[in-house]
Amino acid sequence: MPRLTAPRRQAEVCAPLPAAHAAARYARHLPERTLLYALVQAHYPDFIARLEAEDRPLPEYVREEFETYLRCGVLEHGFLRVVCEQCRAERLVAFSCKKRGFCPSCGARRMAESARHLVEEVFGPRPVRQWVLSFPYPLRFLFASKPEAIGPVLGIVHRVIAGWLADQAGVDHASAQCGAVTLIQRFGSALNLNVHFHMLWLDGVYEDTTERPQRKPRLHRTRAPTSAQLTELAGTIAHRVCRHLSRRGWLEGEDESVFLSDSAGSDDGMDGLRMSSMTYRIATGRDAGRKVVTLQTLPGDAGSLEGDAGKVGGFSLHAGVAAEAHESHKLEKLCRYITRPAISEQRLSISPQGRVRYQLKTPWRNGTTHVEWDAVDFIAKLAA
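Note that our numbering has the sequence shown beginning at 1, numbered continuously upward.
Worth flagging that the hints you see were computed from the coordinates, not collected in a lab. Take these hints with a grain of salt, some might be off.
Simulated pairs of lysine-lysine, DSS-like, Cα-Cα distance not exceeding 30 Å [stated by the list, open to error]:
id	residue 1	residue 2
1	Lys291	Lys311
2	Lys361	Lys99
3	Lys146	Lys216
4	Lys330	Lys311
Every value quoted in this text rests on a predicted model; they were computed, and no experiment measured them.
Whole structure, please, built from the sequences with the hints as guidance.
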């Protein structure tokens with residue numbers, strides 16, 4: 001009969017890591033100990049009950065987002081048992097939800113992986129500029145309600161910027177080769193619904209050399225756009241986007257009297273939550289429609305906090321941040337910024353009055369540094 005022996009402890013078979021590699025040790029994420037998890041676990045059922053009382057049931061895909069988050073990283077909902085082939089040390093790795101809504105853990109993992117991929121495999125040592133385009137409130141609502149409208153609009157925006165870059169580089173449009181990566185973000189700094197584009201463009205244009213293979217491809221650098229140029233570009237984008245959306249039947253009217261058509265909404269019952277989130281208003285309960293509470297702890301600043309931007313009719317185009325070819329660290333920071341998760345747990349807290357408080361990363365121009373909700377309305381912001 002074979003002799004049975006007790007398994008050796010990890011300390012007996014694993015040599016301690018050097019101090020320089022101590023940070024590489026695996027530490028299991030414990031979501032159930034975080035404030036966000038506690039808030040969702042305690043108040044998500046209340047949110048569902050409040051919506052049902054108002055005859056506004058939550059769509060199944062939104063329910064799934066919350067319910068899978070509550071199982072993400074929790075061992076009792078499933079795990080992998082990982083064993084080291086050399087020392088036989090074991091770890092339990094809980095299953096993750098892999099959702100793209102508000103889960104900070106999965107969002108942070110995706111951010112790190114995406115940023116590394118963009119820096120090392122996509123851009124490489126080339127100059128890159130960030131272009132940010134935000135839209136008027138009605139179009140934010142349209143894009144949130146009808147995601148199928150976003151793709152053609154993004155194509156219009158890319159063609160406008162690519163054409164401008166080719167002109168600035170002195171390269172014919174037919175032979176100009178541009179490069180861009182776009183992240184469509186749905187959230188703002190105050191957890192508000194805000195569909196906008198973060199675009200990383202090569203800060204220059206390559207010229208197609210297919211017919212002249214003896215010529216080595218060369219990047220024709222372009223200068224940073226001026227405020228006047230950004231305004232002109234924003235105007236071109238606004239005109240073409242509104243013309244396209246009008247042809248599709250999502251906008252009605254002419255010139256400055258343009259408004260969303262009746263077909264611009266969705267049929268999933270989420271339009272009320274979306275509109276409240278976009279306009280910083282309370283979504284449910286007896287205070288529905290009122291402005292959310294904000295804290296102004298700094299003096300107002302009449303100047304712009306985002307630098308020069310071109311603004312036309314609610315469209316805002318900004319292109320003030322760039323990384324040179326040798327600034328891989330700055331490029332990675334840009335990539336992490338555009339791929340970041342929607343919510344930062346470090347900025348989430350409970351006020352002395354028991355309300356959910358969220359600190360803005362950058363204060364607003366009027367001095368606002370925090371926004372507050374009651375717990376159920378905070379869940380409504382996550383749902384939107």
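> Which of the numbered hints above does this structure break?
Replying inline: Hint 3 contradicted; others consistent.
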